[in-house]
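Work out the full structure: start from the sequences and follow the hints.
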Amino acid sequence: MAGSADWKKRISRLFTVSLSDLNPLKGDEQYVSVDIGSSAIKIVEVRSGGGSLRVLAAGSLPMPSSGIQNNMVSDPAAVAEVLRALLESKGIRSRKAITAIPGPAVIIKRVTLPSQTAQELENTILFEAGNFIPEDLENVNLDYQITDYIEEGKRMDVLLVAAKKDIVSSYAETVRAAGLMPVVVDVDYFALENMFELNYEPPPNQVIALVNVGARYSSINILRNGRSTFTGDVPVGGRDITDALVRDLGVEVDVAERLKAGETVAGVDAEQVAVAMGPAADTLIDEIHHALSFFWTAATDETINEVYLSGGAARMPELGDRLSQRIEVPVAVADPLARVTLSSTLEASGLRQQGPDFAVAMGLAVRRPDDK
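So for the sequence shown, our numbering puts the first residue at 128; every next one is plus one.
Read the hints as simulated data drawn from the structure, not as lab findings.
Be a bit skeptical, because a hint or two may be false.
[What the hints assert, rightly or not] Derived pair list, reagent style DSSO-like, types lysine-lysine, alpha-carbon separation capped at 30 Å:
#: 1; residue 1: K281; residue 2: K217
#: 2; residue 1: K236; residue 2: K281
#: 3; residue 1: K223; residue 2: K292
#: 4; residue 1: K291; residue 2: K236
#: 5; residue 1: K223; residue 2: K281
Remember, predicted model here, so these are calculated numbers, not experimental data.
Here it is as structure tokens:
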């Protein structure tokens, strides 16, 4: 069994505890969060202090087509070049960066263990990890979090997360190549959780599903009493709808993105847009419905109280209403900027309109190196 010193060499934090367990707004520091997605890089520069979070800058640029393959950065030089250009265009001076790896790149397991000391738990976690990770532990980054104490404190629920070191390194080194210093690498699932807790206060005992519709896949994080209970993803995203518009209407990708967001484009009939988007949108809704049913009802008969949509496709007209009708649960579009202050130098209305796109970036923006 590994000793304490060996354990510390093996472990690398991949996600944060609940915001209620830490104070990310302390001090007077600036950080830049970097969300490297398959279709775009999004950044948010923030300053924390005085119990508040202030957004100093935010923006995005399209990703190189060769940028992401198999959940890792496959062309670090090209991606770093785009990130560097984005940082310069927004005048970002912060050098400390927080980034994330995609949910499909991690292995997640939930275990229930007897309550034990921190040292005992470290050894137990290492043993458990060896049983479910199909890799030599020397090749993975491993993290854990106690999510609950049950049976009057006699047992504990623990969340284990593991990711291959080469995947984590591909994101961290890309950020470094752009001139930043990566201080935290998170997971997009848990960034969504922090974004939600930063901006919302649901009633106790509520079950909330967070659904972030990315370009190529959609992430799901189900919270019970504010804690992550289930995470997963579906291999369908907003790019499928964009591709349908490009194919059926013969428009360019940038025009298709505008149409998807509900904008009116000269020479393009609105009815044709709806017809073109219909099948792909239906597939997305069906996949989310199936995922929510699988991830939640497989383990409990509790009802999901509300769903919050984020990601670029969340701004699609009627997507939330159609999903709500399908799953028979209220659906709202998440506002990652609801409780943050925007710098006077920002174009506030435009940024708030694009807010759902920055859900992961805002969740990353509250992370700090000493969270755990």
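Checked hints:
1. At roughly 51 Å between alpha-carbon atoms, K281 and K217 are farther apart than 30 Å, so this suggested pair is violated.
2. Our distance criterion of 30 Å between C-alpha atoms is met by K236 and K281, whose separation comes to about 20 Å.
3. A C-alpha spacing of about 21 Å is found between K223 and K292, which places the hinted pair at or below 30 Å, so the restraint holds.
4. For the given pair, K291 sits about 15 Å from K236 by alpha-carbon distance, which is consistent with the 30 Å threshold.
5. This hinted pair does not check out: K223 and K281 have alpha carbons roughly 40 Å apart, beyond 30 Å.
This entry does not satisfy hints 1 and 5, going by the numbered hints stated previously.
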